[in-house]
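As you go down the protein sequences, you meet chains D and Y in turn.
When the letters of the first sequence are read in order and numbered with the numbering used here, they come out as residues 53 to 395.
When the letters of the second sequence are read in order and numbered with the numbering used here, they come out as residues 27 to 470.
Simulated from the structure, these hints should not be mistaken for lab results.
All values reported here derive from a predicted model rather than from experimental measurement.
From the three backbone atoms N, C-alpha and C, an ideal C-beta is built for every residue, glycine too.
All the given hints hold, so there is nothing to weed out.
Some chain D residues flagged as far from chain Y (calculated, every beta-carbon gap over 12 Å):
#, residue
1, Thr56
2, Leu57
3, Glu248
4, Arg253
5, Glu254
6, Phe268
7, Leu276
8, Glu281
9, Asp287
10, Arg322
11, Gly347
12, Glu352
Derived DEER-like restraints, expressed as beta-carbon distance ranges:
#, chain 1, residue 1, chain 2, residue 2, range
13, D, Leu365, Y, Phe203, 23 to 31 Å
14, Y, Ala42, D, Leu276, 43 to 51 Å
15, Y, Arg67, D, His384, 27 to 35 Å
16, D, Phe216, Y, Phe440, 21 to 29 Å
17, Y, Asp190, D, Pro342, 22 to 30 Å
18, D, Phe272, Y, Phe440, 34 to 42 Å
19, Y, Ser146, D, Ala204, 53 to 61 Å
20, Y, Ile341, D, Gly207, 31 to 39 Å
21, D, Leu365, Y, Arg369, 52 to 60 Å
22, D, Met372, Y, Leu262, 29 to 37 Å
23, Y, Phe203, D, Phe268, 54 to 62 Å
Partial list, computed: chain D residues near chain Y (C-beta under 8 Å):
#, residue
24, Pro110
25, Ile111
26, Glu113
27, Leu149
28, Gly156
29, Thr360
30, Gly371
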Amino acid sequence: MSETLWTLPNAVALCALLAISAYAILAGADFGGGMWDLFARGPRARAQRELIAHAIGPIWEANHVWLILVVVLLFSCFPPAFSALMISLNVPISLMLVGIVLRGSAFAFRSHDTRGDAVQQRWGRLFAITSLITPLLLGVCVGTVASGALHAPTGSETAWEIYFMPWLAPFPLACGVFALVLFALLAAVYLTVEAEDESLREDFRRFALQAATATFITAFGALLVARGEAPRLHDALTARPSALLFFAATGVAAVVTIWALWTRRYRLARISAPAQVCCILWGWAAAQFPALIPGWLSVEGAAAPTVTLQLTLIGLAGGMLLLAPSLWYLFHIFTHHEGEPTA
Amino acid sequence: MNDLLAARSQMAISLAFHIIFAAIGMAMPALMVLAEWRWQRTGDPVYLDLAKRWSTGTAIMFAVGAVSGTVISFELGLLWPGFMQWAGAIIGMPFSLEGFAFFTEAIFLGIYLYGRERISPRAHLASAIAVAVSGVSSAIFVVIANAWMNSPTGFRLVNGLPVDIDPIAAMRNPGAFSQTLHMVIAAFAATGMAIAATHAWQLRRRPASPFHQAGLRIALAVAIPAAILQPFSGDLSARYVAKQQPTKLAAMEGQFHTERGAPLRIGGIPDVEAGVTRHAIEIPGVLSLLAFGHRDAVVPGLDQTPRADWPPVLIVHLAFQVMVALGSYLALLALWAGWVTWRDGKRLGRHRLLLLALVAAGPLGFLSIEAGWTVTEVGRQPWVIQGVFRTADAVTPMPGLWVPFAGFTLLFLFLGVVTATMLYRQIIRRPQSDPQTTEQQVAQ
Ligand code: HDD
Ligand code: HEM
Ligand code: HEM
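Based on the provided sequences and hints, a complete structural model is requested.
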């Protein structure tokens, strides 16, 4: 078993999965921050928005690069899969890009146009609203792949059947909503740690608890839908030992998150909430392995020639040597450390 | 509009948009490093003010560059899945390396922009240097990928498919050096001139302003060497094109017939039907000299290529003429500005004619960049990978491509307008800081 598992293609696929996970727990929270900006309310709405902007400002562009890394790994190491995904998910991906463009630029315009007038507020609104688009469609895309609805063209399908039907379906849409709620949870949890003011922290604790509850509801909803809509995924998730393990771990992490929030153990929640997100992604991967696009392409079958995979892994290792300390430095400078005076 | 045309237009619009922000993202960190360094050396608050003002603009430009670049990396697949499936394994390597350059760039930009109060001045300067270095490296990697499309290496072709691929050999393709060099210098020349132009414009209204004097001097320190070097680097590029892509060279020069001792044509309108380039100023033998090193070398004309495989000759020729004309203006202007700075660098505000010429040069570097890319990309048609893979075979099977084309065009148009007004509000219209308020800022 172990010889067949540790192949080059699997190693690169694992790296891609880790990059997706990093994108979800880091950039996901930035999107979640945008959602809370939209829902900021109460007497401290302004302070809530400021905390969000303050937390996202220095790091969102770096967090965003994980997505680029996923794309690059896909097209250099699994070119047929990249091509297949970009053809069949063209519409949701294009819409997602519109969200990325508007969200990023609106945020930059708002942060650096410091006049505090109506124009700046309008950018704030746009930033908040467009923060919803990308997570939703990202979830939709992942859900479509997971559902097994994609397949090689048969030649007799209409454009509607190829380009819209696979993702305009209950399960992918449920995944989209699930992603929204998860990212909102991540953001609220991180912000409880970032907040310096006690009442602000309580606000985000309340938001986090609401999001955590919503996570449970949407997760069960998605699972119910999966039974009918994505039977293969559903069976794998509930029968395959590796997937089951991650499935169980997700549940544990989710319970720990709620407990930690309830008892105000924010640093614990800051670990368990992203762990929960990772377990979901890894469970999805375990459920469909060795397929890359279930029902169409396998990891092995879509892999680029050995040289490319080898060089990419070497490049990744070298890149990580550069990246890890830089990232550590960035987060070290900008995350709030309890007990330390802040600048 | 047919789908292929829509896809090409969408790619062209996106890249033409992105390249402006990319060039700025490459060169602005260098300007900020210089200002920051002067501030730390001299303690003159004018330099701190400059560094801050520039970094606000750069933050906005960088964000727009990042999101438009993201669009392009997806578009490579959304529009050209055939190309990516064919070439991904060969040419993915520079893109992967570029990814890490993006990481360091984004990380240290965040630190530079938001970390001034949290880290030591030395670490702050070092982070600006890291942004500058990684910005240039990311451009080098992506242009290497583009150079490979012009002069593909690192594989063997068997039945139309690549075998024995060697990604390292692909990165070391013959066009890589000249093209990356030319692009990097272009970014410094264009951005340096544009910044010089904004300060020159203000100096014409306030000739004594120390702020704009300092800004102009730093911008010129970057723009002058770049603009002078650019024609030489362009000459190097042209030699590679002559060797690797004779059809592109013939289109650039409006050279319809193979000719010994071919003339250099300045201007002129190629008439594809008649097969002649009219109204050009012809300098005998000089094209042969420039392209192949001696006056009576044979320059292959378009007649060596089947008519169906010609790129749009008129566009390529005119774009090339525009680039060379603007490049010559910028190089001469740089010599003039260099002379004046050397003689009277402390009182640039008095040289009103030079200031006017600099103001006029503001957009020209970017125009040259657009023209140059038009030469490179349109001149390669009908190939997406020179001689190997046709653009028409690369396009996505999805119908209705005019919809995303229209959508993204509107989106970029909107972004362009907003960015421009934003910069205007921020940089140009912001009330001038006189020395006193600057002092107060520093004291805080
Ligand atoms: C500030 C911008 C700028 C300026 C002043 C010039 N160029 Fe340029 N040129 C570019 C910016 C540029 C570019 C946009 O950066 C290109 C597109 C692709 C590339 O690598 O560089 C380019 C491409 C390009 C190519 C085609 C390379 C290829 O297709 O592989 C040639 C032959 C030249 N240039 C030659 C020149 C000459 C002879 C110039 C003399 C004045 C000149 N350029 C000025
Ligand atoms: C590394 C950078 C680049 C890559 C990988 C790249 C790739 C491509 C690809 C795949 C196409 C479509 C196929 C084709 O029409 O040949 C294309 C077309 C085009 N690109 Fe680029 N490009 C790059 C840089 C640029 C830049 C910076 C510009 C800026 C103006 C540009 C302008 C165009 C134009 C005008 C076309 C349309 C050509 C035509 O269809 O006639 N490209 N490019
Ligand atoms: C000649 C062409 C190009 C040059 C010189 C160039 C250069 C740059 C530079 C310097 C940046 C840094 C961000 C900024 O300053 O705004 C950037 C951003 C970016 N570029 Fe390009 N680029 C080119 C074409 C492309 C192409 C073809 C792609 C698609 C694969 C691409 C993808 C990106 C992405 C994804 C980013 C965002 C990185 C981030 O999030 O920080 N670029 N580019």
